[in-house]
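Below are the chains, spelled out letter by letter.
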Amino acid sequence: MPLFGVEATFWALLGPFVAAALSPFLAKTLKHNAAWLLAVIPALAFLQFLSFVPGIAEGQTFKASLEWVPTFNVNFSIYLDGLSVLFALLISGIGTLITLYAGGYLKGHENLGQFLSYLFLFMGAMLGVVVADNVITLFIYWELTSITSFLLIGFDHLRRASRRSAVQALVVTGGGGLALMAGLILAGYQGGSFELSELLNSGDVLRESPYYTAIFILVVLGAFTKSAQFPFHFWLPNAMEAPTPVSAYLHSATMVKAGVYLLMRMHPVLGDTELWMTVLPIFGGITLLVGTILGIRQTDLKLVLAYTTVASLGLLVMLTGTSDPVAIQGAVIYLFAHSLFKGSLFMVVGTVDHESGTRDLNRVGGLFSLMPITGTAAVLSALSMAGLPPLVGFVAKEVLYDGTWHAVNGGLWTGFAVLGNAMMFALAATVAIKPFFGAKVKTPKVAHEGTVLLVAGSITLAVLGLAAGAFIASVGHQLLSPMTSAILGTPFDEELHLFPTYLSPALYLSLATVALGIIIFMYMDKLRVIVADALRTIGWGPDKGFDQVLEVIIRFATTLTQTVQTGSMVTYMRATFTVIALVLFVPMILTGNWPKLQGIGSFYAYEWFIAAIAVIGVYAVLTARYRVTAIVLLGIQGFAVALIYLLFGAPDLAFTQFMVETLSVVILALVMTRLNLKPTDARSSRGKAFDISLSVLCGAGISMLLMSIIQLPFDPTLSEFFTQYSRTIAHGRNIVNVILVDFRGFDTIGEISVVMVTGLAVLALIRVRPKSNGNSNSEKNR
Amino acid sequence: MAATKTTVDITAAMVTEAVPLADWLLVAPVLLTMAGGAISIIFRKKSATQPWIAITTIALVILSNIGLLNHVLTNGVVTMVMGSWLPPFGIAFTADPLGALLALTASVATMCVAVFAMNSIAENERRYGFYPFLLMLLCGVTGSFLTGDIFNLYVWFEVLLISSFGMQILGNEKVQIDGAVKYAVLNLIATTLFLAATGLLYGLVGTLNMADIAGKLKAFDSSGPMLGLATLYFLAFAMKAAAFPVNFWLPASYHTPRLVVAAIFAGLLTKVGVYALLRVMLLLMPEGRDWLASLIGIVAIATMLTGSLGALAQTDIRRLMAYLVIAGIGAMMAGIAVGNEVAVSGAIFYSMHSVLIMTALYLLVAFMFQMSGTFSLREIGGLYIRTPLGAGIGLILLLAVAGLPPFSGFWAKLLLVAGALEAGRGWVAAGILVSGLFTTIAVGRLWIFAFWRGGNEHTVDGIQALPIAGSSDASEISWSIWLPLVVLTALIFIIGILPETMMSITENGAKTLIDPTAYIGSVFGGIR
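From first to last, the protein sequence lines stand for chains D and Y. Residues 36 to 817 (this note's numbering) make up the first sequence, in order. Residues 69 to 596 (this note's numbering) make up the second sequence, in order.
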């Protein structure tokens, strides 16, 4: 594999997995400083992806493929265009910084190596999601991100809340993933290829396919669960149980955007339909508002950020759902800006938590002089989040307003956006001002600036947000417009300006947002109480709903299992024989293949006689009062059957039958005398009647099937062959014997071993003494 | 007798040329296990040598099965007739990719169990036949996978049934006997139905050779008794495979025997039922399958859902695993219900995967019990810190059984879902996916309780509880327990990462089932 060029991307994809394997060892020897060394790997990956930027800005795309599972057209193929490269840059770039941050954050933690290992596994998976060309490969990476996210959320595994959140995230995102799998396969079949690069060129094939709605719903379910869209948003704030590096990386900058990535990726072939332009903006808009409103309620800084992340994801989905080019360009800029400022803010909050011992809004204040670098990062990032110039967040807001304003149903979407952004403004202000300015508050630990490892990430991202704002024209041309083009499926390159060049509606909307945001910020504490009260009155949310659904499923499962698996052998037998009766009769009813009643009249008298003996034998068994009598009487029926064999030319069989009947009657009778069984039948008369009819039905069914078969001509090839060669080649006059020992001797050897094993089993039953009967007596065995 | 020799044309009745050496691989597994079983009965009192007799035998069987699979993949379907009688008159052994692959997988699983049992089966239980039973079980299972004769298949069913019964009661505890009675009686009903159906089938077509049956049944129009017979076969094998609603025996019996016994049961027994369904429904009675497709689909969905929901309902890990076996059976039946090449390939892939994963999971339960001293989800805990390697193995195995990538179960599920979608059977696909979700919840809960939680369910946050008295430390776990677990986990992982080889085999197997020309051609050579 070459070290440069498109194919070198495979190394970049492999790198994080190698790092994951190395982490435990490096962390053992180098402690937290291992982060410096390990960060080189994502940094190199970043450079690799960066090398594609010039080409992509000119409208090129890059592809490479390794054969993986050709039998099912699954290839290890990559597709690099504006969309995937920007995502890959964010993942590897922020990943580098997070690696350092994690080293600082978990300094001295005994499981640092394990943590880094999971983090790199995630990184590898996430890079795979965004560069995969093959939809199956994409899906595999997708599920891997869910699994690694599960491990990271539950990292602090001795706490119940961590475990619960981890499983919740796995179930929600993993469950959505299952829908996605079906959606992608369907899309692949309908579009004629599992390769995205080919699928994306299939034009209207998917939109016109009869399966469009199914594909849409399945793909959207996958995207919504992953990107925490209402009503699946609840898992994301819970995921904040994870250590902060995880929250910064997975649950703001990267993984939660995978759903948005998927929607953007599929936009050229699934977007621009009425369904798309209705469902996505509505759910996105609701998520935006729900996220911000719930964010207002929080006092935990990390949860404030978590809910604004939910809101931002909603905004992105809403914008993608408009299918409007400018709105999508807005989404792209916002996504870029969000990754920078939210990643930075999470690291800031983590640092504050790490250094001051708390991240509760009401317990921190005036930290700026103590933590100047962290404070600067917080202010810059919050400005971007608030959408103020000269940061890139401002540009994002301008463009997205411009987009929604002109989009279909633009008024509604603009309203959602303004309201959401205003609340986001207020929350940004809260996050930056409360901890760092105002009166000093006594914190649990004496706060001071974090180590290099802790501050490097947040300040870098914050400054990048500033730089991106300053050089927005070039960033737009190199990075953002190519991504927009990829989402739209058509080239798009409008020059971006930091400051609006004319007085557009967007600017007025921006001003309105700021004004509204300031008002909200001023009444924040009151609003918090109002929202909290309102939520308490409602008293129910999807988070609780998740538990309830799970509880209902488990309760239903328990009831179902106990109903089916009663532990009573009588029930099992009745159910089984009911099924047997159905299986015998239903095909006859459906095909009308009833046997003809012919040949009954041609019975000879002695045949009637023997049949009568058999019937009498069975009747006697049924009416016998004691088991021993019943067993002896069973012999009558057996002997009658043996007589029938004798009459129809099978003397060997008849003698065998005589032997077997005699022996089993003797043995059973002997055993029964030794057993102390209740002589009476415990069944009710209704139960007996049921059992009788069941056995009559089963017997009749088998007989009728048999009759319908023997009424057809028999193919005598085998018997003719045996007659012809039994003596001449096998040298035996008794054909039955020759069949047993020669023609079908292999059956016999099998049967002989059955006898041998049976003997051994009997021996084991007699000789092995049970160790205990402890747990068996108390509980009924189901 | 010299006179007769001159008058009889031997070539009309027998294969006259010598059997090629490579074809002996067809019967080698059966002969080896039978011999090994006999030898270990002879040396039944030397309980220290017992495991080594078994391990040597199984190692030879594995080698032979590798050779056979290779033979089948390079030369196509292979047939050998017993006593050189021309088919369909003698008993034919016929190996196609399906049979050869499953035979190999079964022998690998048996090997893992044989090693695991070295330190987990008591000395007196060894003396009363654990290893002979194990070898005869493998004999019955490989015989079933490789025979080309439907009555002979019945004989191997008997062999494996009686061997499994012997293993089931080893220990003689009351609960075991109760489980064994339910197991044996309900399974005997199934084998009796199988026997009855085979008798009727013989009456219908006058032959027992599978290739011959496949050829001759084509001549019957579907309105005749053939459909009734197909339904009867379906029921018989569905019972053996533990499909809903005739699977009472499985949850009633799988938690009662020794765990390594449960491991081999879960790995092999139900799969023989699935194998028989694949063979009979697809190769012998494709028209019957078409007619029954909707029914099989409903049964498959019900089996998957009751299985995965049953797993969710359990608090005893052993029972939870039993229900996971059932959920898997439903998935394989889904492949039969869909019946196209992709789905059947998925069902074969799943069968192979299921042999490995279910064996591994019961071994994991045994390991977890040794480490924690409990089977209860309420009591168990603290294993993550005490055995990180065990936690890793547990996570991989549990994710694999839920069908999550990148493990072997994923590819099986992918093929099944893709096949169902291709055939327009959306409900079947939905059933597989929903059952996968329930399974994920069940195994996710199991893993976080057993490994992540510090102790039993009352353990306070942040506390790693002391282990229950009598449970072992990770350092006390014998190599004979680690080795099989690690090997099975590695196989499941490797197949998950590099599935191509396996998938080309299963695809090949599916093709051979759906188009029986190669199978029939192998049996009858140039004769017809």
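It is worth saying that the hints were derived from the structure and are not from the lab. Please read all numbers here as calculations on a predicted model, not as lab measurements. We treat Cβ as the ideally placed atom computed from N, Cα and C, and that holds for glycine. Warning: the hint list may mix true and false statements.
What the hints assert, rightly or not - Computed beta-carbon distance windows for the label pairs:
no. : chain 1 : residue 1 : chain 2 : residue 2 : range
1   : Y       : Thr124    : D       : Thr763    : 24 to 30 Å
2   : D       : Gly722    : Y       : Leu99     : 48 to 54 Å
3   : Y       : Ala106    : D       : Asp716    : 40 to 46 Å
4   : Y       : Leu99     : D       : His144    : 36 to 42 Å
5   : D       : Ala56     : Y       : Leu256    : 39 to 45 Å
6   : D       : Leu775    : Y       : Leu551    : 39 to 45 Å
7   : Y       : Leu99     : D       : Ala685    : 30 to 36 Å
8   : D       : Asp582    : Y       : Thr260    : 43 to 49 Å
9   : D       : Thr613    : Y       : Asp289    : 28 to 34 Å
Unchecked claim - Non-contacting residues of chain Y with respect to chain D, defined by C-beta distances greater than 10 Å in every case (computed):
no. : residue
10  : Val83
11  : Ala116
12  : Gly135
13  : Pro156
14  : Met179
15  : Met204
16  : Glu241
17  : Gln244
18  : Phe316
19  : Gln382
20  : Arg454
21  : Glu490
22  : Ser546
23  : Phe561
24  : Ile562
25  : Ala586
As the list claims (entries may be wrong) - Taking lysine-lysine pairs in the DSS-like style, the calculated list, with each CA pair at most 25 Å apart, reads:
no. : chain 1 : residue 1 : chain 2 : residue 2
26  : Y       : Lys284    : D       : Lys631
27  : Y       : Lys114    : Y       : Lys579
28  : Y       : Lys286    : D       : Lys631
29  : Y       : Lys284    : Y       : Lys579
Each hint, compared with the structure:
no.	hint	result
1	Y:Thr124 to D:Thr763: 24 to 30 Å	violated (43 Å)
2	D:Gly722 to Y:Leu99: 48 to 54 Å	holds (49 Å)
3	Y:Ala106 to D:Asp716: 40 to 46 Å	holds (44 Å)
4	Y:Leu99 to D:His144: 36 to 42 Å	violated (59 Å)
5	D:Ala56 to Y:Leu256: 39 to 45 Å	violated (52 Å)
6	D:Leu775 to Y:Leu551: 39 to 45 Å	holds (44 Å)
7	Y:Leu99 to D:Ala685: 30 to 36 Å	holds (32 Å)
8	D:Asp582 to Y:Thr260: 43 to 49 Å	holds (48 Å)
9	D:Thr613 to Y:Asp289: 28 to 34 Å	holds (30 Å)
10	Val83	holds (12 Å)
11	Ala116	holds (18 Å)
12	Gly135	holds (21 Å)
13	Pro156	violated (7 Å)
14	Met179	holds (20 Å)
15	Met204	violated (5 Å)
16	Glu241	violated (4 Å)
17	Gln244	violated (8 Å)
18	Phe316	violated (4 Å)
19	Gln382	violated (8 Å)
20	Arg454	holds (13 Å)
21	Glu490	violated (6 Å)
22	Ser546	holds (20 Å)
23	Phe561	holds (13 Å)
24	Ile562	holds (14 Å)
25	Ala586	holds (18 Å)
26	Y:Lys284 to D:Lys631	holds (24 Å)
27	Y:Lys114 to Y:Lys579	violated (47 Å)
28	Y:Lys286 to D:Lys631	holds (23 Å)
29	Y:Lys284 to Y:Lys579	holds (20 Å)
Of the hints listed earlier, those the structure fails to meet are numbers 1, 4, 5, 13, 15, 16, 17, 18, 19, 21 and 27, in rising order.
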